[in-house]
Amino acid sequence: MDLTATEEQRLLRESAERFVRTAYSPDARRKAAGQPDGFSRAVWAEFAELGWLALPLPDAHGGLGGGAVEVGILAEAFGSGLITEPYLSTVVLGAGLVADLGTEQQRATVLPEVAAGRSLLAFAHSERQARFDLADIATRAARDGADWVLDGTKIAVLDAPSADHLIVSARMAGDRRTPEGIALFVVPRQTAGLSLTPYDRLGGGRAASVKLDGVRVPDVVRLGGSDDALPAIERTVDRALAALCSEAVGMMAALLEATAAYTKTREQFGKPLAFNQAVRHRLADMASAVEEGRSMALRAALFADAPHPERIRAISGAKIKIGRGARFVAEQAVQLHGGMGVTEELEIGAYLKRVITFEALFGDVDHHLRRHALASGRLSSRAA
Amino acid sequence: MDFSFNAEERAFQQEVRDFIAANLTPDLKRAAALTPSVFYEPDISGPWHRALAAKGWVAPGWPVEAGGPTWTPAQRWIFETECAAAGTPGVSPMGVRMVGPVIIKFGTPEQKAFYLPRILSGEDYWCQGYSEPGSGSDLASLKTRAVRDGDEYVINGTKIWTTHAHYANRMFALVRTGDGGRKQDGISFILIDMKSPGITIRPIITIGGDHEVNQVFFDDVRVPVTNRIGEEGMGWTYGKYLLEFERGGGITSARLRKALGQVVTLAGSDEVGRPIEEASIATRISEIEVDIDALEMTELRIMSALQTGQNPGAVSSMLKLRNSEIKQAITKLGVDVIGYDALVWQPARPLYALNEPTPIAEDELPVVPEYLDGRAYTIFGGTSEVQRDIMAKLMLGL
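As you go down the protein sequences, you meet chains A and B in turn. So the first sequence is numbered by my numbering: it starts at 865 and just counts up by one. So the second sequence is numbered by my numbering: it starts at 6 and just counts up by one.
By construction, these hints were calculated from the structure, which means they are not laboratory data. For clarity, every value in this text was computed on a predicted model and none was experimentally measured. By construction, the Cβ of each residue, glycine as well, lies at the ideal position given by its N, Cα and C atoms. Heads up, some of the hints might be wrong.
To list a few chain B residues with every Cβ distance to chain A over 10 Å, as calculated [to be verified]:
#1 P31
#2 W76
#3 A79
#4 P138
#5 I165
#6 A284
#7 R306
#8 A310
#9 G344
#10 Q392
#11 M400
#12 G402
In silico BS3-like cross-links for lysine-lysine, where the CA-CA straight-line distance does not exceed 27 Å [stated by the list, open to error]:
#13 A:K1128 to A:K1217
#14 B:K117 to B:K200
#15 B:K60 to B:K148
#16 B:K188 to A:K1135
#17 B:K337 to B:K34
#18 B:K188 to B:K34
#19 A:K1135 to A:K895
#20 A:K1135 to B:K34
#21 B:K398 to A:K1128
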């Protein structure tokens, strides 16, 4: 039992924090947000050079074989600087699915390109009627000779406008919510019949709704058979949730630091705000939320590859704890900054927006409370 | 980073389990489960204390020369976690956890030789004389006075919230021996024989119906000067050192998990109509469980830091605060789970000695008293308000 960081992990944290501090100013971020991609290709190239894109990919395909803990270390630093680069979409979700489900040939084609920063991916999975149910897929994949024809609509496809390939989930068989019969297809964004409605994402970055209208792809781009796609999706989304939780902890810590510093210098009624017990106690609770959040993000990372139900309880537990904690810290940060907290002139609001995004992604607190209770055997799916 | 225990630690875990299996009798286990108060009665904690003492395990925080077991932080974690999971009683903390470390750090060789073996064996039972009617969380405002008269102090005043004063044969107390510039100056740390003439004890019954705390009056009580720890007027320093142990007890998540497990069992039993199937109860259980997981991980992070010689930082107030809040959430859930059975009030104590049939199941009896007594968790050892002040100062530099 040792939860302290290894030497390599310490170095990774230092270099990620240094990068965010020195090369990722709020001005740079705002400038990147105005680009069509919603992020900076130059920064992405630096990520590749630093080895961060290869970090969690398997050794055999140009990766460094890191795990969820290492990704968490990066993600926490990313969160503290509100990084908008598509790390989650390309590396954690996209490459993660290919590494998990792909054939040797598919891995060899996709993963080294991702590691080198030459290929961007997006995960086109969520559908409007599904809300947060990962098994609820209405998009159809119909066999036509050697090809598959995809029809349906996906929403909230993060970073789709910049992606070279979309990883699209579609149903080969079964009813809308059947766990079996789902497959994934690696579809080039420029394929005929695939159209995007792009939008700016709350808190930075881009996303799109994706319409698939008779999109024809060869069988060779299919990931997995009919029974193993959903478990792989669940595993990969859980790893993404672990990364998102670490990212949110980075945001919470940044908000706490900024707010504590502000209350020390801002004077009202002839004394700093921090002299008031009502303010000090709020900050104490924020500090507690950050520490507990850090603990749960670490738990999520350590259990990210554990078997069911331990994995679900750790991941959903982190999403619950950090979902609540991040919202509390962000709202109190706005409150304690007073009128300035509700302006665009401070960065506080940018963090609040990203916190809302974090909460919505892959299930809010209520969703994960139900998932946690189900995994713990204390709730039947009927009652849920 | 490694979340599993190594072979040596797993072997120790087995040794602890074997010890518990051999020493935790069904009667003791039942009595512990039916204890709603914060501390265990001496007739429960005593046998457990003596079993641990015989094994050399009763004083985990003590150095080896004083009789400690030289456990690593991980071993200590394993021990506390296994005891909690098995439902053992807790050892009375006033001797082993509180005054013991102070005597070890600041006592004379004579004091160490006299008191420490008696704490280890359980021969002495200690109580803590800190709070006074006018001095709660503002401890340094205490007024109980010790006036020097030759080789003795003459003590007058009163202490309150004195846990188990009615069982204790010794008290460690903070008393005023002088009036310095700051209110923290002029306080001394004194060891008092509870059989001394001039001591009277008034029971205070808590809202949970338990006689756990008392008010103690001192009326010209004479105590030898040799019973003073360290220097006269330096008692605040020693007392603060002790509070570190009281607040940062450290490993509480396992006890919380056990307590939540008892509520889950109640919620799943036929007696209370299986409300666990209600989504609201199931998700409340999940919410508390997640809070416990977060506390446990924080404790493990601290343990790992200690194990590798790193400074865990100023976290003891946060641990105390969260433990107390989660404990109260569990007891509140318990009351909600038992529904109408919460209307049954059983005034007799101890609950484990009841010989008459009761209108509700035995394991429901402590639920309401536990909730009521448990309101004290956010008050004793420094209220939550005091803990938040300390956190603001030490964690954020405010």
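Now for the hints, and whether the structure bears them out:
Residue placement check: B:P31 keeps its beta carbon more than 10 Å from all beta carbons of chain A (closest about 27 Å). The claim that B:W76 lies off the interface holds: its Cβ sits roughly 13 Å from the closest Cβ of chain A, which is beyond the 10 Å cut-off. Interface exclusion of B:A79 from chain A breaks down, the closest Cβ pair being 5 Å apart, not more than 10 Å. The claim that B:P138 lies off the interface holds: its Cβ sits roughly 24 Å from the closest Cβ of chain A, which is beyond the 10 Å cut-off.
Distance check for B:I165 against chain A: the nearest CB is about 25 Å away, which clears 10 Å, and the non-interface claim stands. Chain A draws B:A284 into its interface by the beta-carbon criterion, the shortest separation being 5 Å against a cut-off of 10 Å. A cut-off of 10 Å between C-beta atoms contradicts the statement that B:R306 is not in contact with chain A; the least separation is 5 Å. The beta carbon of B:A310 sits about 6 Å from the closest Cβ of chain A, which is not more than 10 Å, so the claim that it is off the interface is violated.
A cut-off of 10 Å between C-beta atoms confirms that B:G344 is not in contact with chain A; the least separation is 18 Å. Distance check for B:Q392 against chain A: the nearest CB is about 8 Å away, which does not clear 10 Å, and the non-interface claim fails. Non-interface status of B:M400 relative to chain A is broken: a Cβ of that chain comes within 10 Å, the nearest being about 5 Å off. With a closest Cβ-Cβ approach of about 7 Å to chain A, B:G402 is found to fall inside the 10 Å limit, against its non-interface label.
For the given pair, A:K1128 sits about 25 Å from A:K1217 by alpha-carbon distance, which is consistent with the 27 Å threshold. Only pairs whose Cα atoms come within 27 Å are accepted, and B:K117 paired with B:K200 is accepted, the gap being roughly 21 Å. Restraint check for B:K60 and B:K148: the C-alpha separation of about 42 Å exceeds 27 Å, so the hint is violated. For the hint pairing B:K188 with A:K1135, the CA-to-CA distance comes to about 25 Å; that is within 27 Å, so the pair holds.
Of the supplied pair hints, the one linking B:K337 and B:K34 holds, its CA atoms being roughly 23 Å apart against a limit of 27 Å. At most 27 Å may separate the alpha-carbon atoms for a hinted pair to count; B:K188 and B:K34 exceed this at roughly 45 Å. For a cut-off of 27 Å, the pair hint linking A:K1135 to A:K895 is broken: about 38 Å separates their Cα positions. For a cut-off of 27 Å, the pair hint linking A:K1135 to B:K34 is broken: about 55 Å separates their Cα positions.
Restraint check: the Cα-Cα separation between B:K398 and A:K1128 comes to about 12 Å, which is no more than 27 Å; the hinted pair holds.
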